[in-house]
Amino acid sequence: MEHDNAELVIELENVEKSFGEQKVLDQVSLQVRAGTTTVIVGASGQGKSVILKHMLGLMTPDSGTVRVFGQDLVRAGKKQLREIRSNFGVLFQNVALFDSMSVYDNVALPLRERTDDDEAKIRTNVEEKLALMGLEGHEDKFPAQLSGGMQKRVGLARALVLNPKVVFFDEPTTGLDVSKSNEIYRLFFETQVRLNYTAVIVSHDVPKIFKLSDYVALMANGRLQGCMSPEAFQLSDNPLIRSFVIETMGPIYSSETEESLLYETL
Amino acid sequence: MNFAAYGDRTTMNMIAAIGESTLRLLEISGRFGVFLVTCIYNMLKPPYKVMPVVRQIRFIGAHSLFVILFTGLFTGMVLSLQGYYTLAKFGSVGFLGAAVSLSLIRELGPVLAALMVIGRAGSAICAEVGIMRNSEQIDALECMAIDPYKYLIVPKLVAGLIAMPLLTCIFDVVGIFGGFMVGVELFDVSAGAYFQGMYSSVVWQDIEMGLVKSLVFGLLLVWICAAKGFYLHLERGGGFGAEGVSRTTTGAVVLASVSVLVWDYLISAIML
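Protein sequences, first through last, are from chains A and B. Quick note: the first sequence uses this note's numbering, first residue 1, plus one each step. Quick note: the second sequence uses this note's numbering, first residue 1, plus one each step.
Where hints are given, some of them may not hold.
Selected chain B positions facing chain A (Cβ under 10 Å, derived; list incomplete) [as the list claims (entries may be wrong)]:
(1) 8
(2) 128
(3) 138
(4) 139
(5) 142
(6) 143
(7) 144
(8) 145
(9) 151
I should point out that these hints are in silico values taken from the structure, not numbers from a laboratory. All C-beta atoms, glycine included, are put in the ideal place defined by N, C-alpha and C.
The following block holds chain A by itself, in its conformation from the complex (with noise of 0.2 Å):
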């Protein structure tokens, strides 16, 4: 593919992590390449947002490494993980606005804390990204006067206000209705296009999260199976992933024999 040649932003090798008896990753490999967009679908619990946690160094795999821009996450102090993070945005899966802050000051806020610009500089940043995710005129509103949708959009504005090279997506479109979920895909799009940022998604919402990625995983019994072309996803042999494909997508792939016996049954 063309992006197979891209530099290497972030990269899983046989990464293990088991809470208590329980073995969420089993030897986890996974790469992800600068302009691409990842997306690591799976089913609910089977340890996709503990992979992304591994990947922003909020936890340690027991054995493996990870390395994000070159740099093992494990080894790195806490400065070198700060100037690491520095070139992160992140959408988390419940967006965890500071909800004691508004709009506004939310999305303010990693410009405040990590730029040296002046309040004015900040507004002009804070209101363009709040304009580009449809959000002028909700400024001093706080995150609990907001919808889910709108929370996600303020999230998203506030993971792309420094202009991130890597932004993460967990679960973008959980607990949102079709036409909202479509807003944030059309959002995260338009972004994408605009920063070049990589992206890593974390998503059952398959196939419409397809449309956006350049290659797909999935992630389970512990393991990540495959990594490749959406296309290339929809059609593997993989029984675990042919599995997947068919319990979320139907059994698009049914031969004529098949489809009779269906109606038979029916």
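Please build the complex by placing chain B on the supplied structure of chain A, with the hints as guidance.
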């Protein structure tokens, strides 16, 4: 039934339970120690931001003022009441001013002010930080490369160190005034004797002890309450929603209050 084997098993279980509790205690102590050291390191490290500290002084200090005034006044009044009753038996009501002011400045002022602030602001600090931990807001800060210690905890710690001695001073002054009201206005102790007793008996070391105590208590209350909230996810049962937050907050208030009383004794023993 094999009683010997049963006895062995019970003994082993008991030893295992003691071992587990000891390890857990060591783990918690280590965690709290690392938390404090990280906070102090971040406190001394530039940049220093004034506004977040001012906001926290307003929350911990100014908003506790009413409680402190009220408690201080009534503590002074009841001290005077009980003091008068006792001193009258020995015919030495002239010492009332000395008794009230010394008790307040050395002991009751710092301790009661700290207990009041723990109840009002300490619980709020623990619940705020705990909810932020539960709803991934602290993770969000870390992912934005914003140090949660520097951004979230340090302003509270500095505010505790500034506000607590000030609140204690206010408590002492109001308490002495409350004692004056009861002693002089109610029981006709001479105003001159009340103040003269205070002037002649209170020395700089007494005030110093009160200040040291209030500083230590200010540090203790923010440290314990904030650390409990910060490590909510590691508390037993702490990671489970609203009930986890309420249980951890209760635990923080109890631990902070007990620590204040223990340290009160230790500081008194060292400085006497």
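Evaluation of the provided hints:
Using the Cβ-Cβ criterion of 10 Å, the hint placing residue 8/B at the interface with chain A is not satisfied: the shortest such distance is roughly 27 Å. With a cut of 10 Å, the hint placing residue 128/B at the interface with chain A holds, because the nearest CB-to-CB distance is about 8 Å. For residue 138/B, the suggested interface contact is upheld, since its CB lies about 9 Å from the closest CB of chain A, less than 10 Å. At about 6 Å, the closest approach between the beta carbon of residue 139/B and any beta carbon in chain A falls short of 10 Å, and the interface hint on this residue holds.
At about 7 Å, the closest approach between the beta carbon of residue 142/B and any beta carbon in chain A falls short of 10 Å, and the interface hint on this residue holds. Taking 10 Å as the C-beta contact cut-off toward chain A, the hint placing residue 143/B at the interface holds, the least distance being around 4 Å. About 5 Å separates the beta-carbon of residue 144/B from the nearest beta-carbon of chain A, less than 10 Å, and the hint is met. Annotation: interface hint on residue 145/B holds; nearest CB of chain A at approximately 4 Å, less than 10 Å.
Given the 10 Å rule on beta carbons, the hint for residue 151/B holds: about 6 Å separates it from the nearest Cβ of chain A.
Violated hints amount to a single one, hint 1; each of the other numbered hints is respected by the structure.
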